[in-house]
Amino acid sequence: NAGVTQTPKFRILKIGQSMTLQCTQDMNHNYMYWYRQDPGMGLKLIYYSVGAGITDKGEVPNGYNVSRSTTEDFPLRLELAAPSQTSVYFCASSYPYSGNTGELFFGEGSRLTVL
Amino acid sequence: ELKVEQNPLFLSMQEGKNYTIYCNYSTTSDRLYWYRQDPGKSLESLFVLLSNGAVKQEGRLMASLDTKARLSTLHITAAVHDLSATYFCAVDHEGGGSQGNLIFGKGTKLSVKP
Numbered sequence: 001n002a003g004v005t006q007t008p009k010f011r012i013l014k015i016g017q018s019m020t021l022q023c024t025q026d027m028n029h030n031y032m033y034w035y036r037q038d039p040g041m042g043l044k045l046i047y048y049s050v051g052a053g054i055t056d057k058g059e060v061p062n063g064y065n066v067s068r069s070t071t072e073d074f075p076l077r078l079e080l081a082a083p084s085q086t087s088v089y090f091c092a093s094s095y096p097y098s099g100n101t102g103e104l105f106f107g108e109g110s111r112l113t114v115l
Numbered sequence: 001e002l003k004v005e006q007n008p009l010f011l012s013m014q015e016g017k018n019y020t021i022y023c024n025y026s027t028t029s030d031r032l033y034w035y036r037q038d039p040g041k042s043l044e045s046l047f048v049l050l051s052n053g054a055v056k057q058e059g060r061l062m063a064s065l066d067t068k069a070r071l072s073t074l075h076i077t078a079a080v081h082d083l084s085a086t087y088f089c090a091v092d093h094e095g096g097g098s099q100g101n102l103i104f105g106k107g108t109k110l111s112v113k114p
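Protein chains in written order, with my numbering: chain A, 1 to 115; chain B, 1 to 114.
A hint or two may mislead.
[Claimed, not checked] With a Cα cut of at most 30 Å, we get these calculated DSBU-like pairs of lysine-lysine:
(1) A:57 / B:113
(2) A:9 / B:68
(3) A:44 / B:68
(4) A:57 / B:17
(5) B:109 / A:57
I should point out that these hints are in silico values taken from the structure, not numbers from a laboratory.
Work the whole structure out from these sequences, hints included.
Here you go:
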């Protein structure tokens, strides 16, 4: 199993450009998440999804959009990139139902720089 | 609003010493998670604590949970250099429900020196 796969691993954007971070998982997990990690700040939840066709905002959703058309894929779109979106982005998935631990499984991260 | 606070945020230890990292959280929850992150890497699950009084041990690390005190500890015994990393605790935002929405602490950066 590949687990959670994110692409690209690194990207540099100019202010105002748009891009999509891809995330796919092969564990048949219903729940998927996007977090951003800034130095010394832990992880902040951007968006999450409890299943195909269902998404919801997390703590820091402004400037981002998501979609969930399949169980496997959960892309994160940045519209009109700003320097404040320079961060490391982690996609994660889980299967938090009764009898399961609810722990998150993380991808390798995508390091985004906006100049 | 659920808040998760770790302390210390930075910890420099000598090899062979013992120390404890603390994780306090502000609302009721009976699910707590510990993760490890090496520089430039992803987060690796260390422990899942699912009930009051839960204790888990793996090698030189031991984690415990006191839901009444809203406190978890990560104890390091006889530290070695390989334990150098950042350690995060995370609490289930839905208080043990099925949402799986975790709130993370800021992390404790541990450096173990010879």
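Against the structure, the hints come out as follows:
1. With a C-alpha separation of about 42 Å, the suggested pair residue 57 of chain A and residue 113 of chain B falls outside the 30 Å cut-off, and the hint is violated.
2. Distance restraint check for residue 9 of chain A and residue 68 of chain B: the Cα-Cα separation of roughly 41 Å exceeds the 30 Å cut-off, and the hinted pair is therefore not satisfied.
3. The hinted pair formed by residue 44 of chain A and residue 68 of chain B meets the criterion: a straight-line CA distance of about 26 Å does not exceed 30 Å.
4. The hinted pair formed by residue 57 of chain A and residue 17 of chain B fails the criterion: a straight-line CA distance of about 43 Å is larger than 30 Å.
5. For the suggested pair residue 109 of chain B and residue 57 of chain A, the alpha carbons sit about 29 Å apart, so the restraint of at most 30 Å is met.
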